[in-house]
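*Asks:* In case you want the letters, here they are:
2 protein chains.
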Amino acid sequence: MTKPEAHIRLAIDAMGSDLGPNEVLEGVALAIDRVPRNTNFILFGKKKDLEPIVLSNSILSNSKVEIVHCSEVVGMEEKPIAGIKGKKNSSMSLALQSLKEGEADALLSCGNTGCLMAGGAIKLRTLEGVERPALCTIWPGRERYFTLLDAGANPHAKPFHIVQSAVLGSNYARVALGLVRPKVGLLTIGTEEGKGNEVIHETHSMLKDIDGSIINYAGLIEGFQIFENVVDVVVCDGFVGNIVLKACESLSKLIGTFLDEELRRNTLRKTGALLSKGAFRSLKQRINPEQFGGAPLLGLTKNVIKAHGSSNRNHISGAVKIALDLVQHDMLTQVSQDIQEANEILRPEPLTNR
Amino acid sequence: MTKPEAHIRLAIDAMGSDLGPNEVLEGVALAIDRVPRNTNFILFGKKKDLEPIVLSNSILSNSKVEIVHCSEVVGMEEKPIAGIKGKKNSSMSLALQSLKEGEADALLSCGNTGCLMAGGAIKLRTLEGVERPALCTIWPGRERYFTLLDAGANPHAKPFHIVQSAVLGSNYARVALGLVRPKVGLLTIGTEEGKGNEVIHETHSMLKDIDGSIINYAGLIEGFQIFENVVDVVVCDGFVGNIVLKACESLSKLIGTFLDEELRRNTLRKTGALLSKGAFRSLKQRINPEQFGGAPLLGLTKNVIKAHGSSNRNHISGAVKIALDLVQHDMLTQVSQDIQEANEILRPEPLTNR
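Protein chains in written order, with our numbering: chain A, 2 to 355; chain B, 2 to 355.
Among the hints, a few may not be true.
One copy or any two copies: either way a pair holds, since identical chains are not told apart in the list.
[Said to hold, decoys possible] Once the Cα atoms are required to be at most 25 angstroms apart in a straight line, the calculated DSS-like pairs of lysine-lysine come out as:
#1 86 / 209
#2 89 / 278
#3 209 / 80
#4 159 / 254
#5 184 / 159
#6 49 / 124
#7 196 / 48
#8 247 / 124
#9 254 / 184
#10 278 / 254
#11 278 / 124
Hints in this document: simulated from the structure, not taken from any laboratory.
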C-alpha cells in the first residue's frame, strides 16, 4: 500500500556524523535526485555550519530544504538519558520534537545511538500495544539481504518482546526488501526442541502461536545459518543482537585489514592486487551495502532511522531512501494492525497491569 | 610448571571426523614428529578401519600407538544424552571411560560436540568447586590470538558460572598462548556502568572481587572490541558465545566465497588473483589457524579437547599439541587451586545447598 502523494517531510539531524555535517548534507543532495519531488528536508543543526554548505550546493539550494538552528550537539560519549534530557536544544532533541509534533514524518540521525534510542522512547513513545522498540539492521547474506533485530535497543528482553520484534521485523522486511511473506527465524544454539534456554523455549512457543497470518515463522536457527538465507528476519534479544552485529562488523574489517596486509607483502602480490582491484571494491560494497545505510528503530509512534556514525554520503543517501520507503508504504499503520492481532492471540486479557 | 617426564597417554577418538579416520590418523602422525618421545597414543575406533592405516604408515607403526576396538560410532545427528548413554561401545564413550579410569591423560575428539560435552559431564564430572564446564576457543585478533569462552557448553549461565569461566579461561590462556597475566574482559553491550543486563551487572561485580591474584580483570568490553586485542580472555555465557562463534565462522566463510566470486568475474581479475594467490593462502591461515585446531572443554576432572568435525590433518596435529600442553603444564592442578581461592572469596559459606 503506497501513501498518496502528499508532502513527505524528512527531519535530518545534520550534526551527529563522525565525518561532519558536510558529508551528511552531501548524502542528502545525492538522495534528492532519486526522491519524489514532494519531499521536504528539514535540517537540524548549527545554522552557521549548515547554511554555507546549503548555499554552495546548487542541488540543496534549489530544493525544498529548510534549516532549523539548534545551539547544541549530543556528543558520541554522552549517556543516553543525560544526553537527551540535558540538551534540549540539541539537533537530536529538536528533530525528535518536530517528529512528535507532526512537523516531520521521519527522522534520520547518525548521532549517538543510545541517546537516539532513549530520546525516541521518551519523546515519541511506543506504538499502542508495543512494549519495547527494536533496532533493525540489514545484512548481506550468501544470496540476498536479510534483516536482524533487535540490534541493541532492548538488552533485557522477555519472550513477549522478542515476539513483538518478529512482527516489527517482518513488516520492515516487507518494505525494505520487498518480500511478501518474509520468513522469520529465532536465533538460538542447537535447533532441536529442548536446546537453548528458557527464554528461547517460551519465545519459540509464542512465535508458533502467531505463525500464519501475522508472521511466517520458520522456526529456530543457529549462528552459522544467519548468513545462509535460511530466513529473511533473524530475531534475537538486543543483548545477543548487539554483540553479534558488532562482532561481525569488526570481523569483516579485520579480514579486510589482513587481506590488505597480505597483498602488500611483496611486489608480486602488489601487482596482482592492482590487476584485481575491482574485485576488492565490489567485495567491500557487497559486505557494507550503501543502499542500506540506515537502521530503523521499530515500534515507535514515528519513523526513526539510525545511520552509522561513520556513514559516508552514499550511506546517508541509502538511509534517506529507507526513511522515504517507510513513510510511503505507511508501515506504521500495518505494524499497528499486526501488533493488535498478535496481542489478541498472545494476551487476550486487557493489558492493564504492565 | 612443567610436569616431569613421565609417560603421557593421549586418547584419540579416531571416528568422529567428517573426513574419516584416515585424516585423523594422518594428523596424529604429523604431530608425532613434534611431541616428546614418551607420548603414547591410544586410538579408539573400528579396528578394521584403523589397523590398515597404522600398518601402512611408518611413522604410526614405529611409534607408541595402540588401537582399542570400539564397535560403535556416535553420529553427528545424535542427541547429547542419547548418543552417549545409548552407545556405550562407541569410540567416544570408551575413550571417555579410559580417561575416567586414568588410562589416558587427555582425550581428543572431532565427534559430535553435544555428545562429547554431555559425556564429559556425565562420565568425568566437574572439578571440585566447578559448577559447569565451559568450551574455550582460540580466535585470531588484530595483533595476536585470544581466547573466548564459553562457546556453548552452558547456555543457561548464572553469573557465578561466567566468573568461573573467567578463571578457567585465564588458565587456558596461560598455557596455550603463553601469557603470564592474561587480561580478562566481560562481553556486553555498552561499557558504561549500568548498561547491559542484570546478569552482566552481577558478573562484573564478582569479577572485580576476584581481580588481582586470581584473574587480571580488565572490565567490560563490547562486541566490536573482541578482535582488537583489548583483552586476552573474552568471557560470556554459552548462549552468546556459541552464537557469536558460529556467526563469525560463517561470516568469514561467506567473505571468502564473495572474494572468490569477485576474483573470478573477469580475466583481468583472474590474472591478478593468480599473481597474489600467496596472499589468499596466508589470509586463510591467519583466519583459521591450524595450530589451534582444538578447543578444550574446561572445568572437568580430565583434559578433553574438541576438534572441529571438518578438521584437516594440520588442525588435528595442532589439537594434539594443545592436549599435550595441557598435560605437560599440569593445568588441572592450577585450575583447582584458582577455583578454590575464587570460591573462598565469592562463596565463603560451605557449599551444601546447590
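*Asks:* Next, verify each hint and record whether it holds.
*Replies:* Structure-based check of all given hints:
no.	hint	verdict
1	86 / 209	neither (40 angstroms within a copy, 32 angstroms between copies)
2	89 / 278	neither (47 angstroms within a copy, 56 angstroms between copies)
3	209 / 80	between (38 angstroms within a copy, 23 angstroms between copies)
4	159 / 254	neither (32 angstroms within a copy, 32 angstroms between copies)
5	184 / 159	within (22 angstroms within a copy, 32 angstroms between copies)
6	49 / 124	neither (27 angstroms within a copy, 72 angstroms between copies)
7	196 / 48	neither (56 angstroms within a copy, 34 angstroms between copies)
8	247 / 124	neither (27 angstroms within a copy, 38 angstroms between copies)
9	254 / 184	between (29 angstroms within a copy, 23 angstroms between copies)
10	278 / 254	both (17 angstroms within a copy, 21 angstroms between copies)
11	278 / 124	neither (47 angstroms within a copy, 55 angstroms between copies)
Hints 1, 2, 4, 6, 7, 8 and 11 from the earlier list are contradicted by this structure; the remaining hints agree with it.
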